[in-house]
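*Asks:* Using the supplied hints, reconstruct the complex from the two chains, each of which is provided in its own coordinate frame.
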Amino acid sequence: MEEDILTTLKILIIGESGVGKSSLLLRFTDDTFDPEQAATIGVDFKVKTISVDGNKAKLAIWDTAGQERFRTLTPSYYRGAQGVILVYDVTRRETFTKLDNWLNELETYCTRNDLVKMLVGNKIDKENHELDRAEGLKFARKHSMLFIEASAKTRDGVQCAFEELVEKIIQTPGLWQNENHGRGVQLTDEDAGGGTCGGYCSLV
Amino acid sequence: MATDSDSESEVFEITDFTTASEWERFVSRVEEVLNDWKLIGNSAGNFSPEKGAYTSGTWGEKSQDIHFADFKFCITHYFLIQECEKDDEKDKFEEDTFPLAIQDLMCMNNDFPPRAHCLVRWYGIREFVVITPGSNCEAIISESKCNLLLSSISISLANSGCQIPMLVQVQQKWRRMYAGECQGQGVRTDFEMVHLRKVPSQYYHVSGLLDIFKSKIGCPLSSLPQVNIAIRFTYILQDWQQHSWPQQPPDFDTLLGGEVGGVEFGKLPFGACEEPVSELHLATTWPHLTEGIVVDNDVYSDLDPLQAPHWSVKVRTAENPQCLLGDLLTEFFKLCCRKESIEEILGKGLTEDEGKEINDIGSALSKLTEPATTVPISKMSVANMVHSARKHIRRHRRIDESPLNTDVLNSVLLYLFPDAAVERTPENSKNKTAQANSCGKMEQDKNSDYNLFLQLKSAPIDSLTYRLALCVCLVNYYHGGLRAVAHLWQEFVLELRYRWENNYLICGLAGGPPDLRCCLLHQKLQMINCCIERKKARDEARKVLEGSEKKVSRMSSGYLKSLSVPESATVMSTGSISTKEVSPGKSWDSWSDSEDEFFECLSDQGESEAPPADEEKDGSKSKAEGRLHPYNNMTLLNSSEPLYVPITQEPAPMTEDLLEEQSEVLAKLGTSAEGSHLRARMQSACLLSDMESFKAANPGCVLEDFVRWYSPRDYVEEEVVHKKDNTVLKGKLSARMMIPGNMWVEAWQTARVTPARRQRRLFDDTKEAEKVLHYLTMQKPADLTCHLLPCIIHSTILKLKEEESVEDIPSIKKNIQQAICQASKLLHPTIQDYKKLEDFINQLIAMETVITQARSLKAKFSISESEKRDDTDELKKFVTSLLEDPEVEVIGAGQGSTGRIIYRLFINAQKAALLTPKDEDFVHDRKTTGANNRVPDFPSPAGREILLRARVPRPAPYSKPLPQRLFCVLMREEFRLAGAFSSDTSFF
Ligand SMILES: Nc1nc2c(ncn2[C@@H]2O[C@H](COP(=O)(O)OP(=O)(O)OP(=O)(O)O)[C@@H](O)[C@H]2O)c(=O)[nH]1
Ligand SMILES: [Mg+2]
Chain A
1 MEEDILTTLK
11 ILIIGESGVG
21 KSSLLLRFTD
31 DTFDPEQAAT
41 IGVDFKVKTI
51 SVDGNKAKLA
61 IWDTAGQERF
71 RTLTPSYYRG
81 AQGVILVYDV
91 TRRETFTKLD
101 NWLNELETYC
111 TRNDLVKMLV
121 GNKIDKENHE
131 LDRAEGLKFA
141 RKHSMLFIEA
151 SAKTRDGVQC
161 AFEELVEKII
171 QTPGLWQNEN
181 HGRGVQLTDE
191 DAGGGTCGGY
201 CSLV
Chain B
1 MATDSDSESE
11 VFEITDFTTA
21 SEWERFVSRV
31 EEVLNDWKLI
41 GNSAGNFSPE
51 KGAYTSGTWG
61 EKSQDIHFAD
71 FKFCITHYFL
81 IQECEKDDEK
91 DKFEEDTFPL
101 AIQDLMCMNN
111 DFPPRAHCLV
121 RWYGIREFVV
131 ITPGSNCEAI
141 ISESKCNLLL
151 SSISISLANS
161 GCQIPMLVQV
171 QQKWRRMYAG
181 ECQGQGVRTD
191 FEMVHLRKVP
201 SQYYHVSGLL
211 DIFKSKIGCP
221 LSSLPQVNIA
231 IRFTYILQDW
241 QQHSWPQQPP
251 DFDTLLGGEV
261 GGVEFGKLPF
271 GACEEPVSEL
281 HLATTWPHLT
291 EGIVVDNDVY
301 SDLDPLQAPH
311 WSVKVRTAEN
321 PQCLLGDLLT
331 EFFKLCCRKE
341 SIEEILGKGL
351 TEDEGKEIND
361 IGSALSKLTE
371 PATTVPISKM
381 SVANMVHSAR
391 KHIRRHRRID
401 ESPLNTDVLN
411 SVLLYLFPDA
421 AVERTPENSK
431 NKTAQANSCG
441 KMEQDKNSDY
451 NLFLQLKSAP
461 IDSLTYRLAL
471 CVCLVNYYHG
481 GLRAVAHLWQ
491 EFVLELRYRW
501 ENNYLICGLA
511 GGPPDLRCCL
521 LHQKLQMINC
531 CIERKKARDE
541 ARKVLEGSEK
551 KVSRMSSGYL
561 KSLSVPESAT
571 VMSTGSISTK
581 EVSPGKSWDS
591 WSDSEDEFFE
601 CLSDQGESEA
611 PPADEEKDGS
621 KSKAEGRLHP
631 YNNMTLLNSS
641 EPLYVPITQE
651 PAPMTEDLLE
661 EQSEVLAKLG
671 TSAEGSHLRA
681 RMQSACLLSD
691 MESFKAANPG
701 CVLEDFVRWY
711 SPRDYVEEEV
721 VHKKDNTVLK
731 GKLSARMMIP
741 GNMWVEAWQT
751 ARVTPARRQR
761 RLFDDTKEAE
771 KVLHYLTMQK
781 PADLTCHLLP
791 CIIHSTILKL
801 KEEESVEDIP
811 SIKKNIQQAI
821 CQASKLLHPT
831 IQDYKKLEDF
841 INQLIAMETV
851 ITQARSLKAK
861 FSISESEKRD
871 DTDELKKFVT
881 SLLEDPEVEV
891 IGAGQGSTGR
901 IIYRLFINAQ
911 KAALLTPKDE
921 DFVHDRKTTG
931 ANNRVPDFPS
941 PAGREILLRA
951 RVPRPAPYSK
961 PLPQRLFCVL
971 MREEFRLAGA
981 FSSDTSFF
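Going line by line, the protein sequences match chains A and B. By the count of UniProt numbering, the first sequence reaches residue 204 at its end, each step adding exactly one. By the count of UniProt numbering, the second sequence reaches residue 988 at its end, each step adding exactly one.
Mixed in with the good hints, there may be bad ones.
When the alpha-carbon atoms are kept at most 25 Å apart in a straight line, the in silico PhoX-like pairs for lysine-lysine are as follows [claimed, not checked]:
#1 B:Lys825 - B:Lys814
#2 A:Lys58 - B:Lys825
#3 B:Lys668 - A:Lys10
#4 A:Lys126 - B:Lys730
#5 B:Lys799 - B:Lys877
#6 A:Lys58 - B:Lys668
#7 B:Lys813 - B:Lys877
#8 B:Lys825 - A:Lys168
#9 B:Lys814 - B:Lys876
#10 B:Lys38 - B:Lys72
Computed list of chain A residues with no C-beta within reach of chain B, every gap over 12 Å [what the hints assert, rightly or not]:
#11 Asn101
#12 Asp132
#13 Phe139
#14 Ile170
Covered, in the sense of this in silico footprint (three residues per stretch, anywhere, with C-beta under 8 Å from a C-beta of chain A), are these stretches of chain B [unchecked claim]:
#15 660-668
#16 683-689
#17 702-713
#18 742-751
The hints are simulated quantities; they were obtained by calculation from the structure and are not laboratory data. From the three backbone atoms N, C-alpha and C, an ideal C-beta is built for every residue, glycine too.
If we strip away everything but chain B, and leave its shape as in the complex, we get (with noise of 0.2 Å):
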């Protein structure tokens, strides 16, 4: 045979490979493989890995396809990652030292992992390669393929003097049953499996599996050397009894039925709704035994799991067990898809109400006049005002059959709008309203997650964002999904629209210009109040004119200060610019947004606007309109009055989707010279409103005096010496106000005398408040919970701290640490990922599993957080290790106290299976699983794992002595036999 050919000889040979058979090629390519990944070559060493090394390190795997003819296997190399090979120490071992996978087979260090490759678990060994057949192949049943592959590996091995264990696997892969071997210098382990479905009686205890394990070696020794023995009990606990789940969902009806502005309403609801915890696996552990120390056989058994040694540990959680916030959140993203307009969904149960009508109108009025349907608020205001509000609408769409129960609807707009609960005066309304604003503010500064939502762009806390968000998140939820959300933003923007037309302020939205570090949503609904605000100090201003006319016929100057206005209505801004087409040759005045109304209303009292120019000389000190206060004692430069600071308009308050407009605008006009200029002018309809109003109050004033005041730094003040040595100073404009034609200039000479009151607006706050409105109208509930999602998100990330700091879950703490991180990039982009959402979503909800998983432990252990007892911590250590590691080890195994609860819990768990009636004190009275008539403490076992070791020498008495080993698992459906048998191939 080609391969065969032993190229010792420098004879030239021609090497034919042309009538190779598949099966020769399969094992070249297998070599190649192992030559590929470098395995080949001697592996021994001496160093056995440490203790739980096969646990804390990590492992490994490579693995490619490989064919034998057209059958498709895989191969794969799986192996612990070692830190450092310590190669100097492995030059010192010679050529007869066995290969490190040998040496395995002995070694005690890593007895049954609690998470490894089964041929790990059963074999010991740390490193192996594995043929599998691929995925979707027929597995490899018959013996003569078997046999094939086997020796196939065989000669791979030999051939390329690989000493890493190779492992075929046979029969149908559920079944994980594997043959293989390890060559060696001089050494050769088999590898071999037995699985059956039922444990065989007679190897059903350590005995019976000692005589297979002894005659399977084939001892030719007289007496065998001493079987080592490590045993393993693995108990399962299902049962909790009286720890057993669930949470309750809160009844959300009775927490509505609360306290007025439901206060539980901010809450989001946590917790697992079904045992989040589903087993307890205790594995009872002798590691150290020896054959005739122990006895268990078909009679009796030493093998009290009470008193193993070593006990340890895990639990098996709930795959996804409902959890409360985690599909409240689901829930309501779920709604970002939705299609739907508000009207599709609404106006489909209006037409079907009014069909309906005619049947159920008796009922219907019966209905109404029952006392349970007129609200427990009644008297309050919110309910007159919602039911201004929303009369329309019910006209078709009668109480009962409104997608929202009317109750809880009147509660949700309660809880979103307090202030509604009190009688309502405009006076009562502002003085509410700034206080809750202002008192919100303070406490948040206090607050360190107060910040929180700067990062993720939500909304404060306590605003009616944040609160719509979490109304918006429970409707959905708890009362009705889509109809109702849908139904609730309709009467939530039918209320705002109540409150733009009858001038109360919305509350819990800090005052101010509409701040664009929060959602967008937010910033619209601060523009409302702005608005708001605008148009009442209009219609104040009106009022008091109209009462102040029938006093003084004349108007003195400066008396708008007695009107109320904020100082801040000096604060100067550019305006708002007009978003429409521009042209470069419209005139100053259509710049600004307005049509005919005028900054404060006022009717136009007849004096005459004459143009700038003739007014300059003529002006008189009575005409002075629209004065603020007197500026640093200055006096104007022609005349000896002092120079006054005007009342101004207050600047335009601007969303961020109008300021992109706007920004937009100003870019398209390009980088040109003309571009520049036309975009100065479009912004300078605020520097012309300033002028005016300068103007006015400055009678005979110059652009030096406005210069003076405006922008000081442009009118430059030297000191000239005139002649006979006395310095004068004389200030002129900076040399960039002094370009002819320039803009400053420009807007002086056009700017009429007119005080702010006259002006035109420059916001217009009726068109901005019905834009928003318009704009809210057209919202699908889709578009409001991607409003709404940050705030929610926000408030998720919160109540996940809050429990967490109940628990002090490290790992928990840690990730909501990343999530907020994450939720901030996630969340700013204007386009959102839903892809990148959806699965940070379900982070966020595998929080709240963990976090119930870890108090669903607590409440098993009986840890609680008022009484403290000795063994508190170390039963919080054990509880937090449970959740974060594989397996956990019970200290003082059954002796200790941890071990103390734990068999309680199997105790009850007993007696409740055979329906004993429960004894609490019965953990005193301990009896060993003996023969006694009594209940079991445990149940069987649900898998009984035997592992048998020997150093024996094979096949004769002379041949070295070789590691040999059994790992015997017994479960209710399984048996199987692993053994790994060495045998001496020199000396034989």
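Next up, chain A with everything else stripped away, as it sits in the complex (with noise of 0.2 Å):
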């Protein structure tokens, strides 16, 4: 069975604290809801084994906590992350104005450009939505990010959101895998041949 696992990809959820980060991971990995999920303390961590396009991956998934004075060390965990998901509540729009601010977090800390970003409003199971969709997609376009409305409560869309990123990191080359393609730099072309038949050759 381990062997064929693709590779294990590094997740990371982030977003203001009581949008339903930990809800949704709990979703996602135990298909159970918790209502009574604890507020989390630094960072939490769960592993799950998916298989996408007939490619087994292992995601190693860390759910940091939302609550600002958490804040300074999580993103210590942004490294080597090569997804990440930046989720708001739908019925509260300042956790969607804060964004700006995760994505500026992550720019500073995350070691790779080519990261794949996927944005979830949860909730949609709510009544009082303070957002409706069309800006959940419009913001997502803007900053080149997937983008898909959950709800960890009825498991709308959880599953999707994850496997939807999964395959975008496996299409992204260079994310998954460490080996470079493109060869090197290229800056003299070699004599061709050379030695016995002549090869290519000047007059002197």
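*Replies:* Below you can see the structure in the form of structure tokens.
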């Protein structure tokens, strides 16, 4: 079993406190919803193997605390992540307006610029939406992100979000493999042939 | 013979190959290859290759081994890849058109291609097949073998109907002798060759060669059709005279002796130490001459190179010329492979020294008393400072025998730690450092190259790390290699320790926690600074306290504000966690890192730390401690007292390796519920500390108060309708905060009433600093090199950029961009691929070489940036082309401005060769190479190529007029005639 695992991908979940990051993760990994999910302290961590396009990928998912006071160290977990899920709560506008800060932080601390970003608008099961889908879409387009609306409670869009993200990562060359494509800088075209039958030569 | 059998008849005939000879098998094998490669059939067409197509186009080649008995041959097909074969047109041409190759013999569009296969050069053909002896096989020397091979290809061509010329290589390979043929409808061309070591005197000129050509054709007509002549003479210039190199390597000692701070130390050297352009080849061409127009015989010649209608030039560059930057890089990179530890390197010297000490003591003493050994900067504190740090090493190693010269060492240290030059008081150093850091930042933002360090994961260009990289590199190259590097590193680490122990911040590092975008070494240095800062704050706090204790017996609340605790102290973090073994049963306290030290290291004031439950009710206002400021005009839920934000402990800074370790530990806890719980608990030291500070600042507070400040979203306020219609705001903790046994509640219950200053330290600066210093001490020079490699690559790229911008070479510009991309991939992974890095470094070196070549050429062609002349742009373009194209046409030939410069170069070289004094004005006094006794302007040509062509019917007067061609090469040690003679095979 282990050997057909294509790769281990590091995924990060970020966003304001209480938007439902831990709940989304729990829904994805254990397919449950715990209304009494405790506020995350520091970072939490879960693993899940999924199969996308016949490729098995092991996901190591880091769930960070959105609470301001824990944030100073969480950026360190951005290191080496191939994918990041930015979550906001569709019933609370301020969680959406803070997204810019999160993106900034991501920009600053992320070690790779080809990382795949996904925006998730959570809690669509609730009634009093303060944000509609179009706003989320617009933001995602502006920042070249994937976008989906979801509910950890009703499981809508959760599985899909993770799968899309992984698929995209796998499609992005150089993101999950460490080898470098693209041969080196070619400065001089070497003399072909050489030696025996004349090769390509000039008079003198 | 079996293969000869004509299958015209329908009669069933048994064809028997069982007795086929080796020779027959070889012939059929060749045919098979021609078939496989689809080279059979009519190749006729009627388009001649475009002018220059042989040079600008791409050539393809395909080859395969074939055997003749057990003798291995290699058969190769060479061809010019043509974009669109005009198929429709091709059909129009009847069967009697000649094969393309035979037409090519007469085509004048690609005479003298600058770079081509020799057969292309000699015969002008765009496609051919060559059979050469296998790589380890002997040459075909004997005449009978040659003939056997030639008849083999003749039969193969005839059998297959292939119209592509096929040649075999005979004689020793170096002689490049070929023979072969091409067959078409009713026509055959024979390719023949003569090769001699010496040019026979009767063939030294055009008239003699014309004679051979004519006699070889054996023209059956009474008057031979006009012979077309193309001539190229090639002259080589090796002596550049006043434009000669070499560039002197910079005198390093004088640079160092210069300004304090060693500005020059930050600069990488650049340029070639030897002439990077070794030769200039001038080809003078007469592309269209006819017999009779030109006279060139043993007594007289019309062929004055200065009058040639066409000039072209190419340069031959020196192979791997020694270049300063390249050498420096190579030597630096070599250090990566050294296995020795610092101790092994310096320790050895140490014991040697002790042995010699007694003998040399006298001279050592005199050395010490000499004024020269007391460094000119001895007044400055760097000397003292460094001295103190170095003392114990000096005990064993005498100054004059240390691997790195003391003067150099002091200059380097002063360059690295410029703040040491100022008389040192703690205040002073603090200001200086702050200033240096902040102004650096402002400049950086404007610099477009600034972000390069992010891509390369190196360090900002004015940082200590970056400067250290330059110094290590330069010290390695100029001042003693590995041992000197080891010595410098040892001194560097000692200096860091000195600063740590004496509370001097390290300058040249941005403040704040380690920047994870930089290389690990940079982060480690920043980490030491963090430790120093903490330690300083603690020491200062203690001082203030000691001072104030004398005056005030009792502390007032909020006194800490006066202790210059930075605002940032309020920012909290999860704190560092213990990465030691983890057992679920551990108490809350044990997750914090430190032993007995307190955050601000204040002695306990004797206050009893009663358990919180007892204190909550009777906590009086006067007991509040560690308040920072009131929070949003809020009051506590259970009293009218304002809610205060407490002074909290600062977050524990982390370097990436620590983080790695930490996340590994956290990940190891697994994904179970207990794992999660434990993880949260491990990271809650900080939460707990905050709670304790909060309790101390807000006597009588409850968890709800804490949550209102700390996680406002978890305090839900609702409008509750009371009786009699008045609505009241009623708040409660969010559902998730009220889960029984949840971490927050649990922590709140455990938290004592303790202000930050009396809490255990979340971050043990002493331990962290010692850990970093130990880590640094243990680094071998090789490790150090690997740490610094990104910085060196970074500075090399910047240097190349800078130098390129002076010369403006588009190809290099492009290459630098590519190199940056590549470097960002190569330098990021933790395990660096040595081989790939080496290749990469070689590419950087190649760029330096090209830039120096451009520089050298500009000097030779008198292009100066300062004095712009009319022809400057033209010359610049010319020089750029010389570096990029195989051969460059000289506009206006010998009469153009470029041509005149070249001419002058030759004259000067000629005169120098004949030891006549140089005469700058001579250029105006132009002389032809006719009969005069002055020095000829040009040396005798290194090579002369004469191409003779005619359309002559052969073998009979009534045969078709067919292409005949003779290419003659005359060089000092080579005389070659390559002839292609066609004859009519249908009517003769
Ligand atoms: N109705 C509804 N409630 C949700 C949903 N997702 C999460 N919640 C609730 O929102 C609250 C916060 O959820 P968490 O998953 O703890 O939020 P978080 O983003 O992890 O918060 P931090 O750990 O503090 O950063 C919890 O009470 C969840 O039950 C959802 O999709 N629908
Ligand atoms: Mg959470």
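*Asks:* State for each hint whether it applies.
*Replies:* Status of each hint after checking the structure:
Restraint check for lysine 825 (chain B) and lysine 814 (chain B): satisfied, since their Cα atoms lie roughly 17 Å apart, inside the 25 Å limit. For the given pair, lysine 58 (chain A) sits about 24 Å from lysine 825 (chain B) by alpha-carbon distance, which is consistent with the 25 Å threshold. Under the criterion of a C-alpha separation no larger than 25 Å, the hint pairing lysine 668 (chain B) with lysine 10 (chain A) is consistent with the structure, at around 15 Å. Annotation: proposed proximity of lysine 126 (chain A) to lysine 730 (chain B) holds, straight-line Cα distance about 23 Å (limit 25 Å).
Restraint check for lysine 799 (chain B) and lysine 877 (chain B): satisfied, since their Cα atoms lie roughly 24 Å apart, inside the 25 Å limit. For the given pair, lysine 58 (chain A) sits about 15 Å from lysine 668 (chain B) by alpha-carbon distance, which is consistent with the 25 Å threshold. With a CA separation close to 16 Å, the supplied pair lysine 813 (chain B) and lysine 877 (chain B) stays within the 25 Å bound. For a cut-off of 25 Å, the pair hint linking lysine 825 (chain B) to lysine 168 (chain A) stands: about 20 Å separates their Cα positions.
With a CA separation close to 18 Å, the supplied pair lysine 814 (chain B) and lysine 876 (chain B) stays within the 25 Å bound. Restraint check for lysine 38 (chain B) and lysine 72 (chain B): the C-alpha separation of about 23 Å stays at or below 25 Å, so the hint holds. For asparagine 101 (chain A), the condition that its CB be more than 12 Å from all CB atoms of chain B holds, with the nearest at approximately 15 Å. Even its closest Cβ contact with chain B, about 22 Å, leaves aspartate 132 (chain A) beyond 12 Å, as expected for a residue assigned away from the interface.
Residue placement check: phenylalanine 139 (chain A) keeps its beta carbon more than 12 Å from all beta carbons of chain B (closest about 21 Å). With a least CB separation of 19 Å from chain B, isoleucine 170 (chain A) remains clear of the 12 Å interface cut-off, as annotated. Coverage of the stretch 660-668 of chain B by chain A holds [criterion: at least 3 residues with CB-CB distance below 8 Å; count 3]. Counting residues of the stretch 683-689 of chain B whose CB falls under 8 Å from any CB of chain A gives 4; the rule of at least 3 is met.
Given as covered by chain A, the stretch 702-713 of chain B passes the check, having 3 residues with a CB less than 8 Å from a CB of that chain where 3 are the minimum. Counting residues of the stretch 742-751 of chain B whose CB lies closer than 8 Å to any CB of chain A gives 3, which reaches the minimum of 3, so the coverage claim holds.
Of the numbered hints stated above, none is contradicted by the structure.
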